[in-house]
Amino acid sequence: MRLALATTLSLALALPLLAQEPTGRLIAALSGDWNGDAQPDAVLLVQSAEGLADVQVHLGGFRGLDPVLTVPGAIYVGPMGGQAPSLAARDETSFVIAFEQTGFGRTPWMASLVIAYRGGGFVVAGYSYDFYDRLDLGHYGRCDVDLVSGSYALMHGPSDGNARDDAISDAPDRHETGQTDSRAFALSDLRDGYFPTVCQALLD
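So the sequence shown is numbered by this note's numbering: it starts at 847 and just counts up by one.
Honestly, the hints are just simulated from the structure, not real lab data. Quick caveat, the model's predicted, so the values are computed rather than measured. Quick reminder that beta carbons are idealized off the backbone N, C-alpha and C, glycines included. A couple of the hints might just be wrong.
[Unchecked claim] Between beta-carbon pairs, the in silico distance windows are:
id: 1; residue 1: Leu1049; residue 2: Thr1023; range: 15 to 23 Å
id: 2; residue 1: Gly966; residue 2: Tyr1040; range: 19 to 27 Å
id: 3; residue 1: Asp1006; residue 2: Asp883; range: 45 to 53 Å
Use the sequences and the hints to build the structure in full.
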């Protein structure tokens, strides 16, 4: 993701004196019964390498929580406000991992992954990404992908980031929907920087 890479590089150059976050620090936690066995499960986001967080999944059993999956360095996390990932409940069998870079820069972005329990395991079932421009208010966009069905929706603001606000204020948003080859995949295969190909049109 060019925006994500650019903002991460800018942070590294602009804030060289920031101390690295200690590995193992708990960033977020969420409980639910995603496999439907009447035992509470849990997911954790834990600081790993600099700028990244591990996803740890625990399933409930008669002895308590048993660790079943760790996905190393899968989620972006920064050292500033507006750069911390979070977890949220979605429904009985799924939850959301949200991450963002809204702490600095001209084009803040926000992304989220839907993680669902399917067929005896956890899969990445959905993806969303949106951004806005602090200088050009007509420059914004959003991409939503349902990785189960393959359907997607793109929304572009009227500006490409180069026009004056007053020149595009009456122009409508641009919308696109369709099908993509991107499909749900095992949570264990998630890597930092995952970005569905169809969403690339948002940044071009």
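Going down the list of hints, with the structure as the test:
At about 18 Å, the CB distance of leucine 1049 to threonine 1023 agrees with the hint of 15 to 23 Å. In this structure, glycine 966 and tyrosine 1040 meet the distance hint of 19 to 27 Å, their C-beta atoms being roughly 22 Å apart. Roughly 50 Å separates the CB atoms of aspartate 1006 and aspartate 883, a value that falls within the hinted 45 to 53 Å.
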